[in-house]
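Undergrad: This is what each chain is made of:
There are 2 protein chains.
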Amino acid sequence: MSEKRAVLLLSGGLDSATCLAWARQEGFACHTLAVDYGQRHRVELAAAREVARTLGAVEHREVAVDLRALGGSALTADIAVPKYRPDDALGRDIPITYVPARNTVLLALALGYAETLGVADLVAGMNALDYSGYPDCRPEFVRAFEVVARLGTKAGVEGAALRIHTPLIALDKAGIIRLGISLGVDYAITHSCYDPASDGGACGACDACLLRKKGFHAAGVPDPTRYASPQP
Amino acid sequence: MSEKRAVLLLSGGLDSATCLAWARQEGFACHTLAVDYGQRHRVELAAAREVARTLGAVEHREVAVDLRALGGSALTADIAVPKYRPDDALGRDIPITYVPARNTVLLALALGYAETLGVADLVAGMNALDYSGYPDCRPEFVRAFEVVARLGTKAGVEGAALRIHTPLIALDKAGIIRLGISLGVDYAITHSCYDPASDGGACGACDACLLRKKGFHAAGVPDPTRYASPQP
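So the protein lines, in turn, are chains Y and E. Residue numbering for the first sequence is 1 to 232, as defined by our numbering. Residue numbering for the second sequence is 1 to 232, as defined by our numbering.
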């Protein structure tokens with residue numbers, strides 16, 4: 001009997017690593033895809049390769065798309081990544097680290113890869129609770145993209161039940177970390193920081209760092225993140 | 001009063017050139033976007049620049065995405081482009097020149113660019129009649145992507161009425177050519193062939209060439225295409 005297969009978007013961060021552990025437990029042979037979109041935190045691409053290897057992906061690929069050519073985000077243009085104090089509230093406004101239509105682009109690439117492989121299952125790490133307010137992390141967005149996937153592909157037209165799995169969609173960051181720990185994820189090899197130091201150490205103060213840090217605290221799990229300087 | 005603006009996907013081919021002429025006539029200031037996706041017919045990128053200049057785009061950009069990393073199509077992998085006889089029927093099966101999820105990727109990039117610019121109108125040249133059987137050229141696909149655009153962007157969440165205009169959707173190739181001629185398009189500067197000769201001349205026998213050739217014939221318009229060898 002052939003193993004079921006999935007294409008999984010792997011950023012190298014905490015969320016997608018947890019997704020990979022989840023998908024492996026669900027019995028999926030995982031083809032992981034990392035997207036080099038010109039992000040300033042390119043160290044996450046190396047983390048993605050390590051996560052793919054450690055958590056047993058069948059194959060790991062990278063695809064490059066130059067979102068810098070479009071600009072509009074602190075992650076891809078010459079705009080400073082905002083820093084926060086530990087107790088700042090996040091998620092009310094959409095921050096400048098939002099990359100215009102990023103998840104639409106990422107899912108489109110994953111969809112193309114899945115179609116090439118003849119795979120009907122996609123896995124992505126969107127979550128709608130601790131999501132920094134990005135619109136393309138919401139369940140209604142994911143469901144809408146699923147319709148696009150079914151209508152816009154040869155596989156969908158031929159009847160494949162294309163499905164986007166988002167196992168983290170209803171979890172907060174602490175819940176994601178608890179899930180990952182229960183599945184044996186070593187978060188020390190993941191990278192979340194949007195503005196790492198030249199040695200790859202996390203800044204500890206961008207929105208990604210803040211969400212991650214609060215998540216470990218709330219989960220009651222020691223934070224294994226390597227920070228660039230003493231934690232603020 | 002500010003001019004209304006649109007982001008327009010411009011491939012350098014006959015369809016998107018006609019779209020640009022249409023959008024100009026509709027009063028849109030057009031930001032054209034060509035996507036270098038590793039297509040073997042890269043000569044179309046030069047054609048796109050020329051079309052943008054000639055038809056009065058405000059700005060023309062290119063964004064690179066390496067769809068070759070995903071494979072799966074005669075346009076991006078080492079698979080031969082099929083050739084047809086002039087009277088072969090097209091459009092019953094999805095041909096190998098279909099690029100997995102290409103239009104989803106292209107629309108996602110156009111959406112990101114539109115969001116960066118603060119533009120709510122996208123224009124794309126899909127047409128559902130002479131469309132080679134590609135699933136991502138159908139109106140239901142375009143409508144589904146419009147929902148994704150509204151749900152997956154900051155602009156959409158904030159209430160922008162994001163809209164994808166597909167002025168060619170109900171036209172056959174002859175109708176598109178008649179529309180373009182009426183708007184003053186010089187089709188000699190457009191490029192459609194999937195498998196051009198090294199000097200950029202069209203092969204005359206791929207599905208794109210065949211559709212184009214039949215279109216000029218049906219429209220009763222002399223075919224200005226520069227072919228690589230005597231027409232079959």
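By construction, these hints were calculated from the structure, which means they are not laboratory data. Check before you lean on any hint, since a few could be wrong.
Heads up, simulated DSSO-like pairs for lysine-lysine below, C-alpha to C-alpha not over 30 Å straight-line [to be verified]: (1) Y/Lys154 to E/Lys214; (2) E/Lys154 to Y/Lys83; (3) E/Lys4 to E/Lys214; (4) E/Lys154 to E/Lys4; (5) E/Lys4 to Y/Lys154; (6) Y/Lys214 to E/Lys154.
Among the chain E residues that face chain Y by a calculated CB cut under 8 Å, a handful are [said to hold, decoys possible]: (7) Ile79; (8) Ala80; (9) Lys83; (10) Thr104; (11) Asp136; (12) Phe141; (13) Val147; (14) Val148; (15) Thr153; (16) Arg178; (17) Ser182; (18) Leu183; (19) Ala218.
Cβ atoms here follow ideal geometry from the backbone N, Cα and C, with glycine treated the same way.
Undergrad: Would you list, in rising numerical order, the hints stated earlier that this structure does not obey?
TA: 3, 5, 7, 8, 9, 16, 17, 18, 19
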